[in-house]
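S.K.: Residue strings, one per chain:
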Amino acid sequence: GDSVTQMEGPVTLSEEAFLTINCTYTATGYPSLFWYVQYPGEGLQLLLKATKADDKGSNKGFEATYRKETTSFHLEKGSVQVSDSAVYFCALFHYGQNFVFGPGTRLSVLP
Amino acid sequence: DVKVTQSSRYLVKRTGEKVFLECVQDMDHENMFWYRQDPGLGLRLIYFSYDVKMKEKGDIPEGYSVSREKKERFSLILESASTNQTSMYLCASSRDRGRVAEAFFGQGTRLTVV
Numbered sequence: 558g559d560s561v562t563q564m565e566g567p568v569t570l571s572e573e574a575f576l577t578i579n580c581t582y583t584a585t586g587y588p589s590l591f592w593y594v595q596y597p598g599e600g601l602q603l604l605l606k607a608t609k610a611d612d613k614g615s616n617k618g619f620e621a622t623y624r625k626e627t628t629s630f631h632l633e634k635g636s637v638q639v640s641d642s643a644v645y646f647c648a649l650f651h652y653g654q655n656f657v658f659g660p661g662t663r664l665s666v667l668p
Numbered sequence: 388d389v390k391v392t393q394s395s396r397y398l399v400k401r402t403g404e405k406v407f408l409e410c411v412q413d414m415d416h417e418n419m420f421w422y423r424q425d426p427g428l429g430l431r432l433i434y435f436s437y438d439v440k441m442k443e444k445g446d447i448p449e450g451y452s453v454s455r456e457k458k459e460r461f462s463l464i465l466e467s468a469s470t471n472q473t474s475m476y477l478c479a480s481s482r483d484r485g486r487v488a489e490a491f492f493g494q495g496t497r498l499t500v501v
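Residue numbers (my numbering), protein chains in the order written: chain A, 558 to 668; chain B, 388 to 501.
Hints may contain errors.
Ranges between beta-carbon positions, derived for each pair [to be verified]:
hint, chain 1, residue 1, chain 2, residue 2, range
1, A, 562, B, 437, 26 to 34 Å
2, A, 566, B, 471, 23 to 31 Å
3, B, 456, A, 667, 29 to 37 Å
4, B, 395, A, 567, 27 to 35 Å
5, B, 441, A, 585, 24 to 32 Å
6, B, 497, A, 566, 17 to 25 Å
As a list, the in silico DSBU-like pairs of lysine-lysine whose alpha-carbon atoms are at most 35 Å apart [said to hold, decoys possible]:
hint, chain 1, residue 1, chain 2, residue 2
7, B, 458, A, 609
8, B, 405, A, 613
9, A, 617, B, 400
10, A, 625, B, 400
11, B, 440, B, 457
12, A, 609, B, 440
13, B, 390, A, 617
14, A, 625, A, 613
15, A, 625, B, 457
16, A, 613, B, 390
17, B, 390, B, 458
18, B, 400, A, 609
19, B, 458, B, 442
20, A, 613, A, 634
21, B, 405, B, 457
22, B, 390, A, 634
23, A, 609, B, 390
24, B, 440, B, 390
25, A, 625, B, 390
26, B, 444, B, 405
27, B, 444, B, 390
28, B, 400, B, 390
29, B, 405, A, 609
30, B, 400, A, 613
31, A, 625, A, 609
32, A, 609, B, 442
33, A, 617, A, 634
34, B, 440, B, 405
35, B, 442, B, 405
36, B, 400, B, 442
Because the hints were derived from the structure by calculation, they are not lab data.
Remember, predicted model here, so these are calculated numbers, not experimental data.
In this text, a Cβ means the ideal position worked out from N, Cα and C, and glycines have one as well.
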């Protein structure tokens, strides 16, 4: 079945550092890909999405590109802030299936 | 904005109690889901529903049941709560699964069974 693998962390960075959180997936066909963010004590919020190969999703300075050839959807941000501290989930949605989530990556940004 | 509302942020229940977790969405979404979230285990799907009165088992349905009498409401029921059901419970909804659509989540219910 479909699956999502992502670096589990925790990832600790200093403010203004560059962020990469790796995500790879296994799926037949062409799933849609998502990054969700969960702030402490909250539910998940959609951060960005991409629906087809080579699409780039972006939001709040975060970006991720749908790479079909490497089955990846890595999350990047050029300069993180303390307020970005959260858990980040990579996920896919495949036609005829349900959402599949990765295990989540905890990010801590230090001032 | 889509809103998914869970009835409680925090609940404390006793072992053996019957527990109801309620979830309501206001965007006429066909699909609704219940997940539990535990440290190191990520999100695990308990039950989901594609339409009123329809339900499907997810990955970990044991000890749970669901009810969907109205399109906007999806209830998770713990028939006899046990301490291993202490967890964060997340409800989500989405449009028809035949189309590309993201899942929208509620704020979560942190349940403690003592």
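S.K.: Take the hints in turn and mark each one as holding or not.
M.R.: Do the hints match the structure? See the list:
1. Evaluation of the 26 to 34 Å hint for residue 562/A and residue 437/B yields a pass: the beta carbon distance comes to about 27 Å.
2. For residue 566/A paired with residue 471/B, a C-beta distance near 26 Å keeps the hint of 23 to 31 Å intact.
3. Look at residue 456/B against residue 667/A: about 49 Å separates their beta carbons, and that is not inside 29 to 37 Å.
4. At about 29 Å, the CB distance of residue 395/B to residue 567/A agrees with the hint of 27 to 35 Å.
5. Distance hint for residue 441/B and residue 585/A: a CB-CB separation of about 25 Å, consistent with the stated range 24 to 32 Å.
6. Checked against the hint of 17 to 25 Å, the pair residue 497/B and residue 566/A passes, with Cβ atoms roughly 22 Å apart.
7. Annotation: proposed proximity of residue 458/B to residue 609/A holds, straight-line Cα distance about 30 Å (limit 35 Å).
8. Between the alpha carbons of residue 405/B and residue 613/A the distance comes to roughly 46 Å, so the proposed pair goes past 35 Å and is violated.
9. Using a Cα cut-off of 35 Å, the hinted pair residue 617/A and residue 400/B is violated, with the two alpha carbons roughly 39 Å apart.
10. Restraint check for residue 625/A and residue 400/B: the C-alpha separation of about 46 Å exceeds 35 Å, so the hint is violated.
11. Distance check on the hinted pair: residue 440/B and residue 457/B sit about 8 Å apart at the alpha-carbon level, within 35 Å; holds.
12. With a C-alpha separation of about 33 Å, the suggested pair residue 609/A and residue 440/B falls inside the 35 Å cut-off, and the hint holds.
13. Distance restraint check for residue 390/B and residue 617/A: the Cα-Cα separation of roughly 21 Å lies within the 35 Å cut-off, and the hinted pair is therefore satisfied.
14. Restraint check: the Cα-Cα separation between residue 625/A and residue 613/A comes to about 12 Å, which is no more than 35 Å; the hinted pair holds.
15. Proposed proximity of residue 625/A and residue 457/B is contradicted: the alpha carbons are some 39 Å apart, above 35 Å.
16. Distance check on the hinted pair: residue 613/A and residue 390/B sit about 26 Å apart at the alpha-carbon level, within 35 Å; holds.
17. Distance hint between residue 390/B and residue 458/B is fulfilled; the C-alpha atoms sit about 14 Å from each other, no more than 35 Å.
18. Our distance criterion of 35 Å between C-alpha atoms is broken by residue 400/B and residue 609/A, whose separation comes to about 45 Å.
19. Between residue 458/B and residue 442/B the CA atoms are separated by roughly 12 Å; this keeps the pair inside 35 Å, and the hint holds.
20. Straight-line distance between C-alpha atoms of residue 613/A and residue 634/A comes to about 13 Å, which keeps the hinted pair within the 35 Å bound.
21. Of the pairs offered as hints, the one joining residue 405/B and residue 457/B holds, with about 21 Å between alpha carbons and a cut-off of 35 Å not exceeded.
22. Of the pairs offered as hints, the one joining residue 390/B and residue 634/A holds, with about 28 Å between alpha carbons and a cut-off of 35 Å not exceeded.
23. Under the criterion of a C-alpha separation no larger than 35 Å, the hint pairing residue 609/A with residue 390/B is consistent with the structure, at around 27 Å.
24. As the CA atoms of residue 440/B and residue 390/B are separated by approximately 21 Å, the hinted pair is consistent with the 35 Å bound.
25. Proposed proximity of residue 625/A and residue 390/B is supported: the alpha carbons are some 32 Å apart, at most 35 Å.
26. Between residue 444/B and residue 405/B the CA atoms are separated by roughly 19 Å; this keeps the pair inside 35 Å, and the hint holds.
27. About 24 Å separates the Cα atoms of residue 444/B and residue 390/B, which keeps this hinted pair within 35 Å; it holds.
28. Among the hinted pairs, residue 400/B with residue 390/B is consistent with the structure: their alpha-carbon atoms are about 27 Å apart, no more than 35 Å.
29. This hinted pair does not check out: residue 405/B and residue 609/A have alpha carbons roughly 44 Å apart, beyond 35 Å.
30. Restraint check: the Cα-Cα separation between residue 400/B and residue 613/A comes to about 45 Å, which exceeds 35 Å; the hinted pair is violated.
31. The suggested pairing of residue 625/A with residue 609/A holds, with an alpha-carbon distance near 8 Å, which does not exceed 35 Å.
32. Using a Cα cut-off of 35 Å, the hinted pair residue 609/A and residue 442/B holds, with the two alpha carbons roughly 30 Å apart.
33. Distance restraint check for residue 617/A and residue 634/A: the Cα-Cα separation of roughly 9 Å lies within the 35 Å cut-off, and the hinted pair is therefore satisfied.
34. Of the pairs offered as hints, the one joining residue 440/B and residue 405/B holds, with about 21 Å between alpha carbons and a cut-off of 35 Å not exceeded.
35. Straight-line distance between C-alpha atoms of residue 442/B and residue 405/B comes to about 20 Å, which keeps the hinted pair within the 35 Å bound.
36. Distance restraint check for residue 400/B and residue 442/B: the Cα-Cα separation of roughly 25 Å lies within the 35 Å cut-off, and the hinted pair is therefore satisfied.
The earlier numbered hints that this structure contradicts are 3, 8, 9, 10, 15, 18, 29 and 30.
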